[in-house]
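Peer 1: Chains as they are written, first to last, in our numbering: chain H, 1 to 315; chain F, 1001 to 1535.
Fair warning: there could be bad hints in the mix.
As the list claims (entries may be wrong) - A few chain H residues that face chain F, going by a derived Cβ cut-off under 10 Å, partial list only:
{"no.": "1", "residue": "212"}
{"no.": "2", "residue": "215"}
{"no.": "3", "residue": "216"}
{"no.": "4", "residue": "225"}
{"no.": "5", "residue": "229"}
{"no.": "6", "residue": "308"}
To be verified - Sample of chain H residues lacking proximity to chain F, with all beta carbon distances greater than 12 Å (derived):
{"no.": "7", "residue": "22"}
{"no.": "8", "residue": "112"}
{"no.": "9", "residue": "127"}
{"no.": "10", "residue": "152"}
Honestly, the hints are just simulated from the structure, not real lab data.
Beta carbons are placed, not taken as given, at the ideal position from N, Cα and C, and that holds for glycine.
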Amino acid sequence: MASYVFARLLSLCVSLIVASVVIFTAVEVVPGDPASFMLGMNASPDAVAALREELGLTGSLPERYLSWVGGMLTGDFGTSYTYRVPVAELVAARLWVSLPLTFYAMVLSTLIALPVGMLAAARRGRPADLTVMGTTQLGIAVPNFWFAMLLVLIFAINLRWFPAGGFPGWEAGFVPSMTALTLPAIALALPQASILARVMRSSVLETLGQDYIRTARAKGLSQRQTVVRHAFRNALIPVMTILGLQFSFLLAGAIIIENVFFLPGLGRLIFQGITQRDLIVVESVVMLLVFSVILVTFLVDLAYAAVDPRLRRRG
Amino acid sequence: MSLLSVRDLSLAIHGTPILKDVSFDVAPGEVFGLVGESGSGKSMTALACMGLLPNGSKVGGQAMLGDQNLLALPERRLRDLRGREIGMIFQEPMTALNPMQTIGDQVAETLVIHGVARRTEALKVAREKLDRVGLGAARFPLTRYPHELSGGQRQRVCIAMAVALQPKLLIADEPTTALDVTTQAQILDLLRGLVDEAGMALMLITHDLAVVAGIAQHVAVMQSGEIVEAAETEALFRKRAHPYTRALFAASEHAPERTGHPQIADTVLEVERVVRDYALPRKHLFAAPGHVRAVDGVSLRVGRGESVGLVGESGCGKSTLTRAILGLERLQGGRIALDDIPIEAPHVAPGTRRRMQVVFQDPYGSFNPRHRVARLVAEPFHLMGRVEDADARVEGALEAVGLQASDKERFIHEFSGGQRQRIAIARALITRPDLIVLDEAVSALDVRVRAQILDLLAQLQGEYGLSYLFISHDLGVVRRVTDRVMVMQAGKIVEEGQTERVFSYPEHPYTKALIAATPRIPESWHEEARSNGVG
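Could you build the full structure based on these sequences and the hints that come with them?
Peer 2: Right, here's the structure in full:
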């Protein structure tokens, strides 16, 4: 087990280094000078030179790479050109919205998808299964911002249970913040849950066709007990893979939902960074996202080993 | 008073009749053998008694266990009976256990699910049962996972699981078919022991007549969903009253007639002191990988027109050696030559490769399902450059193996297992090779189909002067079709010689053990059948 974890960790570090080099060169290799690009066509040479200094574009390539990476390791992501505040602060503030939103959506999606997927598998071909398959098809096909608008219409405007948008900040208290995140989390969770439920269904169905399920039935387990005691855990592996992918997607890909609900999240930060040519912000946030994706992959790898004893002994 | 009494059992699945008027009795404490070819309805009979038939099944008749009709009981009652009154084990021990659960938990589950014991006590019983089936605590703690066990050991776990609650009846569906002969003998011993000490009845389903001969008191022979003959074992083996029973016996003992004369002095294949190592996974990240020697200094030769057998249990290195001979494995030592042309993986000249072909075990997995037969059979032509009369040769090869030229337009799923194996042989023949490697080529076939394929191989050998390297775990078949035989154990050839000599007077202890473990129908039972003119 220890060697498995060590090998995964090593692969995590290598991936991070490769990713940082790729992101760094992408910004470097892009034709033109980032500073003049950021300032636009009419900038004076002095302003460009000043910005070059500020951006740390004056040293040699390896020097700049090391100072960029070193800065990130110590929490110094540079200063945003447009906001004039440290990027670390900007990102941290946004992360406090995006991370809870992502987890909220993932928890909802998992809580909906796993039982629904199992139910559909256990009742294959019967009305419950057909209903699940039809609904999830709809959940995947309909864009999430449309769900979002529908949710706002029903729960914010008509029923007035939740705010229609905005985020009060965590200092306003846990309950108001979570209430503000509820509708966006549901809007994000529905399509994800639809995908996850279908993966769960087919995974459980495949598992139910295995020989050990027949063995379990011959021992006297009911269909239901077989699903819960034997099929569930075996069916989890593909589900965990999808969950890992969804986390990365939700963390940065919630931009439309963030816009609909007017939430200050990471997605909006990147979007603003790109439109305002704030390359330092873009570079840092992208690196952070890559880091989170790699970290989640690592955690998913660990989860595989926790679920499947066959993986524990491999090096 | 019988324990299980099945009367007029009939079954249709989605309207297709599967079983018809199946009747038999199993007495307490007896071993009842149910014999038949694949698709004869043996397994369905067992599943009907367990109430585990697939969806869309319609059953008729009755199956009385004591005073309860298993076919009429509601699912709830059946659940109580399964595992408690009737235990069942299946053919594939490799996949029959949940890979995510420890063996202790899986055995204990039988007790927990029936509310007999809580987990802690159930685990104690599991320990006793695993001890009983020969998996002692020292080497097999309850915390072991299935992937840490061999096939035979896993089958023992399945047996422990099935007998944990001391059922009155154990149904074993081809329990030893996937196992090596020595393991098979041990598992059959274990089953017999359990029957003797617990007074449990055993319903043993198998395709292998020799297996039932050694263990069952009563035997029923099934064909196309019907029991065609049933009697006390020895009487049935001696009389062989039904034509189908006779056909089965004849096929299982069939020795094809060889027409060609092997020219042993003319060497086709020569293997000299071949060594093949595999790297083992590293113990930890920076450790040098260990090695396992799969083939350890093996030498052999095959003469023109000769059939040479290679026998050994799984893991002995047969398959690696086969692959090396086919030029698919790099060697760590020794040399292989086909007609004095060295075979060195991975670059074997097409002209050399075309002179040896192979037929594999699985007639279902060996073909691309999307290609027509013509393309499948013509595939080896890429070794020969442009072939002018390709079509005619495909047709010729199909006819040579007893199919029709028009079959080339069909797809592989339209053929039966035996026909597919004929197509595999046609594919091997198409390049007019000198040597055909038959890697368990008849092991997956029913006895009657197997007999036909063996006849075909013998006939083709006579016509084309082919040499065969016949690799199999089935000693009986090897004995009947080969001139010489080699016995392989742990990567080494431990004994070789004329087939009859090796089987009649084995010298090496391993050969002796293999032959002793092979189930056999007592010689005296044959004699009567033959003298009655039905053998």
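Peer 1: If a hint holds in the structure, say so; if it doesn't, say that too.
Peer 2: Checked hints:
no.: 1; hint: 212; in the structure: holds, 4 Å
no.: 2; hint: 215; in the structure: holds, 5 Å
no.: 3; hint: 216; in the structure: holds, 7 Å
no.: 4; hint: 225; in the structure: holds, 7 Å
no.: 5; hint: 229; in the structure: holds, 7 Å
no.: 6; hint: 308; in the structure: holds, 6 Å
no.: 7; hint: 22; in the structure: holds, 25 Å
no.: 8; hint: 112; in the structure: holds, 24 Å
no.: 9; hint: 127; in the structure: holds, 16 Å
no.: 10; hint: 152; in the structure: holds, 43 Å
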